[in-house]
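J.: The listed protein sequences correspond, in order, to chains L and V.
Under the numbering used here, think of the first position of the first sequence as 78, with each following residue one higher.
Under the numbering used here, think of the first position of the second sequence as 78, with each following residue one higher.
No lab work stands behind these hints: they were computed from the structure.
Fair warning: there could be bad hints in the mix.
Just so you know, same-sequence chains aren't split out, so a pair can sit in one copy or run between any two.
Said to hold, decoys possible - No farther apart than 20 Å at their CA atoms in a straight line, the calculated lysine to aspartate or glutamate pairs in the EDC-like style are these:
# : residue 1 : residue 2
1 : Lys483    : Glu238
2 : Lys346    : Glu377
3 : Lys172    : Glu244
Predicted model, so just to flag it, every value in this text is computed and none were measured.
Number of protein chains: 2
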Amino acid sequence: MTTIIKGNIIHAPELGRLDILPGGHLVLEDGVIQAISQALPKEYAGLPVTDYGDKLILQSFADCHLHGSQYPFLGTGMDVTLLDWLQKYAFPVEKRFADVNYARMVYRQLAEELIANGTTRVIMFSSLHADGTLVLMEELERAGISGYVGKVNMDRNGSDELHETTEESISETLRWLDHCGQFRSVKPILTPRFTPSCTDELMAWLGKTSRERDLYVHSHLSENDREIAWVHQLHPGCERYWETYAKFGLWKDHTVMAHCVYSDETERKAMREHNVMAVHCPDSNVNVRSGIAPVRRMLEEGNWVSLGSDIAGGAHLSMLEVMTCAIRSSKLKSTEDGTQPLNAAEAYYLGTTAGHRYFGAGKGFAIGDRLHAVVVDDSRLCSVGEMSLSDRLERALYRVSRQEIKAVYAEGKLVKCS
Amino acid sequence: MTTIIKGNIIHAPELGRLDILPGGHLVLEDGVIQAISQALPKEYAGLPVTDYGDKLILQSFADCHLHGSQYPFLGTGMDVTLLDWLQKYAFPVEKRFADVNYARMVYRQLAEELIANGTTRVIMFSSLHADGTLVLMEELERAGISGYVGKVNMDRNGSDELHETTEESISETLRWLDHCGQFRSVKPILTPRFTPSCTDELMAWLGKTSRERDLYVHSHLSENDREIAWVHQLHPGCERYWETYAKFGLWKDHTVMAHCVYSDETERKAMREHNVMAVHCPDSNVNVRSGIAPVRRMLEEGNWVSLGSDIAGGAHLSMLEVMTCAIRSSKLKSTEDGTQPLNAAEAYYLGTTAGHRYFGAGKGFAIGDRLHAVVVDDSRLCSVGEMSLSDRLERALYRVSRQEIKAVYAEGKLVKCS
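Just chain L, same shape as in the assembly (with noise of 0.2 Å):
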């Protein structure tokens, strides 16, 4: 089946790079990208176009770090550093996912909530429960959402109502492991919640089981000084937080470490070394405040960095405050470092090809992937007259919200049309 999409195309192929074509055509057989040109190839002449008109056709988002358990209380407390605002916040609210009607409740609505705001893959944290990791799974294939999907493991240092022994971690990882085989676009990742959650049998198992199976890691690395000093204090033995993650086989390829906020040149060796991937979560960095990650040196040096809301510390849910946030972080960070701030382009790519990436996706909207786009209508937006397609684009990052979103496709399809 061709589908054949006329509007304002901008697609981020390189960091700091917009390819814009006005009133350009995306070409697509089966959801699959043929051609992306200025004019209808003329293969395609005659056939019905879905035309946009003046609407921006955009990269939809990569959500590279969020929890979906803690989407309850998004937007609410924001008084704590990160170790209280675990106990005090996170763990009461994630145990509440035993319940696997609470789970598909809360779940059904992030979906939903995601796809509006134009997030068409994430990598994300459940909780500890093996069902509702499941319940998420499917809600999120039900809406359209790609992803890769962590039941967590916490074996030590939650609390007397969250907390699972060595023994049903594995048992239940395992189980969670033998039901993802249902998913199409939705995929298992294995997700320690970070060193101090985990007993060294249990990393070690870990290990083991990302080698055999074939499973990507995603974790947390370096956010605050306080679970730094504790990882120190943990692993004596590990002069950087990156090597407790390498000891047991979990620093490799493909692996996604959250925050970085502290990661020094030697951490940002090791994430090049082995094409780790560094998550950048600038709101919640601020809300738990935690620091400014250094994103800018981290791209000079050649890491791969992408975004993650981090919600329920982050609290937007939509990838283009999310941006700005980034903007607004490497600004505060440029006055310490002497680094050069972000600008739109670099940010729009670093929500959009940086982390789709991760999915094995090309540059921008590129020949032979399928589609994950959102259309823009930006007319309600007060303008100086006419403005440039880039400038439209910079105040989508900074003006668009959810009612702008008008129609988002992913993985080829139309998933959302308002």
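Chain L is already provided as a structure; the job is to place chain V on it using the hints.
T.: Just chain V now, kept in the frame of chain L:
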């Protein structure tokens, strides 16, 4: 005429204090608050009640510093710092307001968007143009917004295209003032752009006019290091920026000074001694890379601090978003100077009561004041289940957008209902 409204009332009579009445009543006579109480006072029994059910009834918002003429480029131009930003973005757009038709179109849309976002009181820069300023005042009044609006004075250091002579500045200010009597809820305020924009002669005339006509003053103070150095150069006799206003009689009761990022103890003391209001513009200060104002310190010292969107240096027109920006900035400042970050109740106070005070309003919803309120439907937002009203207030700050604002009352009248 008696109006009774019922809902979950949350107001902030003091910094850090929330008064909460679940299912409470507000009784108005001709828009003026007669009673605020949990149960409906007996003498009003039997009268019709507008029942907002489980919705929140919050104070509406006061935006104490914004630039009407910068609305057309809101959300763009985020790549430079203050002085370059003025030349590259602000001045070229501002000059277009010589055209009253353009001004009408832009200001009508701005007024609509302000009300839709629950902002019912403003202190606003217009442009250099007397006629455009009158259009802005008309459009605000038509939308139901109260405010102080100023024709901008700038007889030096503008651009080739945006400039006025001292004589023009004076005569156009007089002509503008002559036409301001027609407005009921929108009043003129004298508005030298900032010290570098005005000659001593113009500043002296503005000071004299302020005294003779009993007019308030609105300008910028200590926003950016290059700006401050420039002011020192222009006024070598003044040790601090504020003195350049004081020496011309512009530093006095109800003078509004935006930013105050670098106001030191002495400058802050001078504000307190003269009842000068500092307007904290957290989003703008990050976007144009000015810095972070020492808000907690100012509050501890007893300064009068309110909030401003400062569009288009700020990208958020919604004061709810400005409030959470203030919280975020205070957290970043806290790691620098050890001060306590703002909490949600405090940010709400700064965006409401602290600003409404400029207009003579009392504390929170105060008996004898005309009602300024917004009605928020937060039922769409995911919830833990039973949430306290103070948690719902915090969540509203972080998550409510215009779609959730179902009704707006300004000057005692229902001005928006959806």
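J.: So, against the hints stated earlier in the document, which numbers end up violated here?
T.: Violated hint (a single one): 1; every other hint is consistent with the structure.
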